[in-house]
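Hints in hand, dock the two standalone chains.
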Amino acid sequence: MELEAIPQESHPSSFRLIATLGIAGLFSGLVLVGVYLSTLPIIEANKAKALKEAVFHVVPGCQSFQTLLFVNGKLLLEKAENSENKEKQSGEVEKIFACYDQEKVLQGFAIPGSEPGFQDLIQGIFGYQAEKKIIIGFEVLESRETPGLGDKIIKDKNFIANFTALSVVPELVPVKPGSKQKKNQVETITGATISSKAVVRLLQNSINRWRPAIEEWAKAAN
Amino acid sequence: MEESKEASRYYEEFVKGIWKENPVFIAVLGLCPALAVTNTAINSLAMATATLFVLVSSSILVSTFRRIIPKEVRITTFVIIIATFVTVADFTLQAFVPKIHKDLGAFIALIVVNCLILGRQEAFSSKNGVRLAIADAAGMGLGFGFALFCLGVIREILGNGSLFDIPLFGPNYEPWVIMILPPGGFLTLGFLLLFFNWLKAYRLQKKEKQEKVTPLHPLSIQ
Numbered sequence: 001m002e003l004e005a006i007p008q009e010s011h012p013s014s015f016r017l018i019a020t021l022g023i024a025g026l027f028s029g030l031v032l033v034g035v036y037l038s039t040l041p042i043i044e045a046n047k048a049k050a051l052k053e054a055v056f057h058v059v060p061g062c063q064s065f066q067t068l069l070f071v072n073g074k075l076l077l078e079k080a081e082n083s084e085n086k087e088k089q090s091g092e093v094e095k096i097f098a099c100y101d102q103e104k105v106l107q108g109f110a111i112p113g114s115e116p117g118f119q120d121l122i123q124g125i126f127g128y129q130a131e132k133k134i135i136i137g138f139e140v141l142e143s144r145e146t147p148g149l150g151d152k153i154i155k156d157k158n159f160i161a162n163f164t165a166l167s168v169v170p171e172l173v174p175v176k177p178g179s180k181q182k183k184n185q186v187e188t189i190t191g192a193t194i195s196s197k198a199v200v201r202l203l204q205n206s207i208n209r210w211r212p213a214i215e216e217w218a219k220a221a222n
Numbered sequence: 223m224e225e226s227k228e229a230s231r232y233y234e235e236f237v238k239g240i241w242k243e244n245p246v247f248i249a250v251l252g253l254c255p256a257l258a259v260t261n262t263a264i265n266s267l268a269m270a271t272a273t274l275f276v277l278v279s280s281s282i283l284v285s286t287f288r289r290i291i292p293k294e295v296r297i298t299t300f301v302i303i304i305a306t307f308v309t310v311a312d313f314t315l316q317a318f319v320p321k322i323h324k325d326l327g328a329f330i331a332l333i334v335v336n337c338l339i340l341g342r343q344e345a346f347s348s349k350n351g352v353r354l355a356i357a358d359a360a361g362m363g364l365g366f367g368f369a370l371f372c373l374g375v376i377r378e379i380l381g382n383g384s385l386f387d388i389p390l391f392g393p394n395y396e397p398w399v400i401m402i403l404p405p406g407g408f409l410t411l412g413f414l415l416l417f418f419n420w421l422k423a424y425r426l427q428k429k430e431k432q433e434k435v436t437p438l439h440p441l442s443i444q
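Line by line, the protein sequences give chains A and B.
First residue of the first sequence: 1, per this note's numbering; consecutive thereafter.
First residue of the second sequence: 223, per this note's numbering; consecutive thereafter.
Hints were generated in silico from the structure; no laboratory data involved.
One or more of the hints may lead you astray.
Stated by the list, open to error - Using C-beta positions, here's what the derived DEER-type ranges look like:
hint	chain 1	residue 1	chain 2	residue 2	range
1	A	178	B	389	39 to 45 Å
2	A	11	B	233	35 to 41 Å
3	B	287	A	116	30 to 36 Å
4	B	400	A	76	47 to 53 Å
5	B	296	A	121	35 to 41 Å
6	A	178	B	428	22 to 28 Å
7	B	353	A	33	28 to 34 Å
8	A	116	B	296	50 to 56 Å
As the list claims (entries may be wrong) - Computed, partial: chain B to chain A, Cβ under 7 Å:
hint	residue
9	291
10	292
11	313
12	360
Every residue gets a Cβ at the ideal spot worked out from N, C-alpha and C, and that includes glycine.
So that you can see chain B by itself, here it is in the shape it has in the complex (with noise of 0.2 Å):
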């Protein structure tokens, strides 16, 4: 009972951050690299890795040591390993697919600034233990690449008329280059915003109608 109670505890903070607190969609947090490298889907992926790596191994470190670092220097210590991590991604990135690091350019180095990260340690990280921030940091870091994938996918499609460089609609699609522009960032992502809201709202509605419609039953009246 015990077991199953912890379980779905792990559970809960491991899915929470890939849908119901999104970080970008509903935390609306980290949107530096959301708009910037989505252009296409194969850059959204990779970004997404590079910040989920960052996430968790910081998080592992942080829940790790937090009985340790003082409270006065923890921003300070939370930002030198955050910045660690991201320097060997970097690197990491650079040996093995150089031309994924290529197409990402500076943006692996702006991971260190990413409001994400440093918002995890400091809200859950440095407040529990090691299984949970695991749970937590892997949560939100699909979460991010979730959305960073969703924005990817519509602005490579629309912006360039093909997705993961196979082209979709043949030679005579004029791309939409302003999909690929900054503008296209922030319009696919306010249209995301205003489906997802909406999403919500209508499976809010459809629960209260329900909960209209359900007759009670007729033991439960005396």
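In isolation and in its complexed conformation, chain A is listed as follows (with noise of 0.2 Å):
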């Protein structure tokens, strides 16, 4: 096959260089610019829709659910004036949810974290129950975890099957699949080792950092 010709100065000018890169540039910028705009609200609409979706998944019987904002170590309802003044002030406030049943009976929190996985941050949610001091629902948020792997922590069932009534007392143990003898004990997965003991730090870590506040927000609300 002839492959065609194409006639070009021998060595063209400095400015001919820069301009060909300039607009390069100017084009890439106009175009990432436009798709960013124009998918940002669709992005943002599925992030809180999952995040929505995901609230009502991990407390099973909730109904509807209050935003709280974590504000000096104290758990606040959130209030419009209130949510805009505390996010100028340190950037994003950290949320969590109190869910309700139908009567309006608190039924638990459900509470978002993160923590180091095999590949990346995994983002998860996890209800809990305060008076009994159990978790009560797990999902994934968000995970680069390995496809076919790590990924399990999201798709195996027995290990989603640890968080339906798992006790936070005296502390979250991994152990390994099939051993499981004690109500604080969660089953890891094979081939998922990793990732799964991540999920358990993701909720140790979470429970540590939030049951002082969540038992002093249930004290003053009862």
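The structure is reproduced here in structure tokens:
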């Protein structure tokens, strides 16, 4: 096959070289900003939808929820003015969610958290009942764990079944699959040991961090 | 006559990438995604589609502006164009198929450094017209997709006992975990390369045999 001969200057000027790269950069910038701005609302909406669905999923019986802001070691009910002021002061305020059934009885708390996994941060959310001190549900929000291996923390039904009534007292303990004997033990996954242990750390660290504030808030609410 | 000759040239450029010059099985290019994300069939298809989009879009632009881009800055310009389309693919997947975007993780961004894409710009699109460049890019993209799909199907069936997440062998099947790990990628690719080379040699041998056996036409002996 014959290729076309492309006529070009033997030595293009510096201006032409800079102009070519400048135009390429400008084109790239315009396209990227356009695509970013047009997809951003959809991406944000996807994330918000996924979070909302996860809140209902990790606290069984949840029909509605209130957002609680973590400010100066205390939980405050989210109000528009409250949230805006606090976010301005300290960047992004951490949030958890208080979940209620149809009769507005507190069913538990949905708590987001993150922990380094095998490849990247694992971001998850779990349901917690403060009175019984048990974890009642868990879902991964975002993870880049190895497809087919580490991502079993999302798909493996036996692993997910750990989080139906998992006691957090005295603390969570990861054990090998099939060897669970106590209520505070979590069976890890063969082939995804690092990722499943990262989930246990995520839960334990979040519980350690949030438990005092949740107990204080629950007391005040009663 | 001229038209059919031109059509057959487009056809040749299109088909060569799928089979005769397959980027993975013959040219052994773009092996990073071919080994990294092919542990499930659906991930293979998603990666193949994203690569096809980037390859065709970049080829159209490079071919259109081939007479304007000075050869001194051609590689930089090609990389800017490719990176732009990769980011467009990244945002689009994140907005419209967040689950697949989650599964492919960092490998979407790594399409930028897939040598198949830069290689086609340098070897073909920068020297040929737009329609030929599209035919070449589409053929190469589909050939790349075919290779990724073959790898994905074999690795998911053996390594997970499923295809498109549908279990094939029942609960008693013990998955070959190694097949979804990196060594499984190398093993599968090795066996596929062996198979395609054997097939090529076998067909060549068969053709030679046929040529020897076929008697010459009596009129041709004078």
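**Asked** Would you say the C-beta atoms of residue 353/B and residue 33/A sit inside 28 to 34 Å of each other?
**Response** holds, 30 Å
**Interface restraint verdict for residue 360/B against chain A (beta-carbon cut-off 7 Å)** = With a closest approach of 17 Å, the residue 360/B hint is violated.
**Item:** Range agreement (Cβ of residue 76/A with Cβ of residue 400/B, hint 47 to 53 Å)
**Value:** Given a distance of about 51 Å, which is inside 47 to 53 Å, the answer is holds.
**Asked** Between residue 178/A and residue 389/B, does the beta-carbon spacing fit 39 to 45 Å?
**Response** For residue 389/B against residue 178/A, whose Cβ atoms are near 21 Å apart, the range 39 to 45 Å is violated.
**Request:** Could you see if the CB distance from residue 116/A to residue 296/B stays within 50 to 56 Å?
**Result:** Taking Cβ atoms as reference, residue 116/A and residue 296/B lie about 41 Å apart, which means the hint is violated.
**Request:** Please verify that hint: residue 292/B, Cβ, nearest Cβ of chain A, below 7 Å or not.
**Result:** For residue 292/B, the interface hint holds, since the closest Cβ of chain A sits about 4 Å away, which is under 7 Å.
**Item:** chain A contact restraint on residue 313/B - CB to CB distance below 7 Å
**Value:** holds, 4 Å
**Request:** Please test the hint of 35 to 41 Å on the beta carbon pair from residue 296/B and residue 121/A.
**Result:** holds, 39 Å
**Request:** May I ask you to test the hint 35 to 41 Å on the CB atoms belonging to residue 11/A and residue 233/B?
**Result:** holds, 40 Å
**Request:** Identify whether the interface hint at residue 291/B stands, where standing means a beta carbon of chain A within less than 7 Å of its own.
**Result:** holds, 6 Å
**Message:** Against the range 30 to 36 Å, how does the distance between the Cβ atoms of residue 287/B and residue 116/A compare: consistent or not?
**Reply:** violated, 44 Å
**Asked** Would you say the C-beta atoms of residue 178/A and residue 428/B sit inside 22 to 28 Å of each other?
**Response** violated, 54 Å
This entry does not satisfy hints 1, 3, 6, 8, 12, going by the numbered hints stated previously.
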